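Produce the complete structure using the sequences and hints provided.
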Amino acid sequence: MSFSLHRFVGIAYKELIQLQRDRLTLGMIILIPLAEVFLFGYAINSEPKHLPTVVVMSDPGPAARAYVEALRVSGYFDIKGTVDEREAEALLDRGDVQFVVTLPINFHRDLVRGLRPTIILEADATDPMTVGSALAVQSGLRSSSSLLRDMPASTPDGTPPPFDVRVLRHYNPEIISAYNIVPGLLGVILTMTMALMTGLAMTRERERGTFENLLSTPATPFEVMTGKIVPYIGIGLVQVTLILLAARYAFEVPIVGSLLLLYGVVLLFIATTLSLGMTISSVARNQLQAMQITFFYFLPSILLSGFVFPFRGMPEWAQDVGSLLPLTHFLVLVRGILLKGAGPALLWPHIWPLFAFMAVVLLIGLKTYRRTLD
Amino acid sequence: MVTAPAITVSGLSKHFSGKAAVNAIDLTIHHGEIYGFLGPNGSGKTTFIRMLCGLLTPDGGSGSCLGHDLVREARQIKRKVGYMTQRFSLWDDLTVRENLDFVGRLYGVRQRRDAVTNTLRSYGLADRAEHLAATLSGGWKQRLALAACLLHRPQLLLLDEPTAGVDPTARREFWEELHRLSTEGVTVLVSTHYMDEAERCHRLAYLADGHLIVHGSADDIIQTAGVTTWVIQGATAVHRAAFAQTPGVTELASFGNALHVTGRDAGCLATHVPSQARALGLDARLAEPSLEDAFVYLMRRHAQRPPT
Ligand SMILES: Nc1ncnc2c1ncn2[C@@H]1O[C@H](COP(=O)(O)OP(=O)(O)O)[C@@H](O)[C@H]1O
Ligand SMILES: [Mg+2]
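Residue numbers (this note's numbering), protein chains in the order written: chain A, 1 to 374; chain B, 1001 to 1308.
Just so you know, these hints were derived from the structure itself, not from any lab. Treat the numbers as computed from the prediction; the structure is a model and nothing was measured. The beta-carbon is built from N, C-alpha and C at its ideal position, and this holds for glycine as well. Hints should not be assumed to be uniformly reliable.
Pairwise CB distance ranges, derived in the manner of DEER restraints [as the list claims (entries may be wrong)]:
#1 B:T1224 x A:G209: 31 to 41 Å
#2 A:Q289 x B:R1180: 39 to 49 Å
#3 A:Q20 x B:S1254: 48 to 58 Å
#4 A:H6 x B:R1180: 23 to 33 Å
Under the rule of at most 35 Å between Cα atoms (straight-line distance), these lysine-lysine pairs were calculated in the DSBU-like manner [as the list claims (entries may be wrong)]:
#5 B:K1080 x B:K1019
#6 B:K1080 x B:K1141
#7 A:K367 x A:K340
#8 B:K1080 x A:K367
#9 A:K367 x B:K1019
#10 B:K1019 x B:K1141
If you want the footprint, here are the derived chain A segments under chain B, 3+ residues with CB under 8 Å [what the hints assert, rightly or not]:
#11 4 to 14
#12 81 to 94
Here it is in structure tokens:
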């Protein structure tokens, strides 16, 4: 099949002009990512205080009371009262309380004897952002002045007697950290805008009747598809850069790994999603259908990729479905690069599935592209 | 090669969900000819034209266009053909110049910028070059569409109802342009509903529900129909009924205050129509049958044909 650079450039240029005339769409493409980053970003930064807490007081001694008082004074824990173990569990299950603090039997005695008793702090970590700061605060409690003052048997140099606090996170053992939101947002925004924009690109021609004109010219399906994709690659890169800048400078999300590798992965993901969009638009008969198919793809992408629910916490079948979605692999890749500084060799198991997905989708797209009006 | 026809098809057919939109059409169109396509809405004109330029795949028959096979060599055909769609199909959100420029790129037009500028000038579009296509009026859109499909200097023009909704002056200019192109050797296939345009074509074809019911020059077609027309001056609706009963009359058509009375049996008409007119105090005159009279008769004959 012949490929003409003239025609390819022509189509890409036309698409750019049309895009630039469509101010509303253009505005959305730029503003939506920013709005979402700031929305989620402030959720990241907000420090929820006064989280409902109940105490299981197996030893109502002064040391235990001093610890609970110290939690209350910190401002993060709102002590709702003392309950027994069974009720505490039920409250946590129902989500009525965020924390259950269990002080062991003989806490006071063991403390004085230097036996390192263990306090158990159970957290409902469904929303890790909510409990994150509270948990961070409690680990600093050990040296708080009120605890020192009221705790028996503090050593003269100001260290409280040794005890342990074991934190048990329920419902979200993987602890998606606040920073994980940014890679997720990158993927979700790219999926949404890239698939939708290209999904609409071809159906729009069909609905406006311009497709007949395009078909009557010598332009080949491949030239049309690639020509229409290219401008959106640029847009995708702009979106990614905006999100990364906002994440880095407004919310101080660390970027540990190589930016080059990150952009490489982003490009691959953009190309994959655009191919999907083009294929959707060859399959769909009109813009509404294109939109519906895109959402049909978008929902599982959000739910099963590990963006909303921790991937390892999902049932097996859900994980299997998730593994077929590009977003799943993209999330692992971006988290790996951004937060852990992972290199390409380590990431390869999540890179090839993206290539595979793209190849399959492009093949379907070229097969279903209508060369005639039949 | 000079003698080879520009378009030749035989038995060309296209069905949509079992119903024939184009039914086994045989047709030959010569180089440099202006060939008119007439027929009521839904008669298959657009479908036929789309098959010629590779937009629809025929499901019966065969044909060639500019020496290329209709099915196998659609790509070569597309390079040499300019197709103007029935509905305006350029890009509304591009300017006049951008539309031409884009089309120029798709056809790989050499020295595209100059070609576009020249076209803008020669079609009087220069003043509107920076206007969005969406803002143009019907006549200007038609000009732009014609300019766009001529930019790559095609050998064959396929024009699907190009003058629908265009004012008479613009139509006249349009047809002057077609004749100029024809003398340059460009073949033109144009569909239309206007009789005056039909008369400007070298040859014509008349389609009715997918069948080619007659073709040839305007004179040939009138001959084929073999009808005789009398014109009754001053006849009103009141008189119509009387003529409808007159023996030999098959068609009545009003033109201003004249009534055209048409039939195939010249002798029968000659004995009955003038006497009927006199009886009503009117004047009857034998006239040259018009193309329209011929088409009306042929249409009715086609509709009454025994089922096949
Ligand atoms: N894409 C299509 N799908 C189904 N039927 C069609 C299609 N295009 C045309 N037809 C039908 O084929 C017949 C001929 O239509 P068309 O070629 O548009 O006629 P014309 O151009 O003479 O008005 C009509 O009955 C029309 O409904
Ligand atoms: Mg038509």
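Status of each hint after checking the structure:
At roughly 37 Å, the beta-carbon separation of T1224 of chain B and G209 of chain A lies within the given 31 to 41 Å, and the hint holds. The hint said 39 to 49 Å for the Cβ distance between Q289 of chain A and R1180 of chain B, and at roughly 45 Å that hint holds. At roughly 55 Å, the beta-carbon separation of Q20 of chain A and S1254 of chain B lies within the given 48 to 58 Å, and the hint holds. Taking the beta carbon of each, H6 of chain A and R1180 of chain B are about 29 Å apart, inside 23 to 33 Å as hinted.
The straight-line distance between the Cα atoms of K1080 of chain B and K1019 of chain B is roughly 31 Å, inside the 35 Å bound, and the hint therefore holds. The suggested pairing of K1080 of chain B with K1141 of chain B holds, with an alpha-carbon distance near 22 Å, which does not exceed 35 Å. Of the pairs offered as hints, the one joining K367 of chain A and K340 of chain A is violated, with about 40 Å between alpha carbons and a cut-off of 35 Å exceeded. A distance of roughly 26 Å separates the Cα atoms of K1080 of chain B and K367 of chain A; the hinted pair therefore holds under the 35 Å criterion.
Proximity of K367 of chain A to K1019 of chain B is assessed by CA-CA distance (about 27 Å); at most 35 Å being required, the pair is judged to hold. Restraint check: the Cα-Cα separation between K1019 of chain B and K1141 of chain B comes to about 33 Å, which is no more than 35 Å; the hinted pair holds. Counting residues of the segment 4 to 14 of chain A whose C-beta lies closer than 8 Å to any C-beta of chain B gives 8; at least three are required, and the coverage claim holds. Judged by the Cβ-Cβ criterion of 8 Å, the segment 81 to 94 of chain A is not covered by chain B as claimed, because only 0 of its residues qualify and three are needed.
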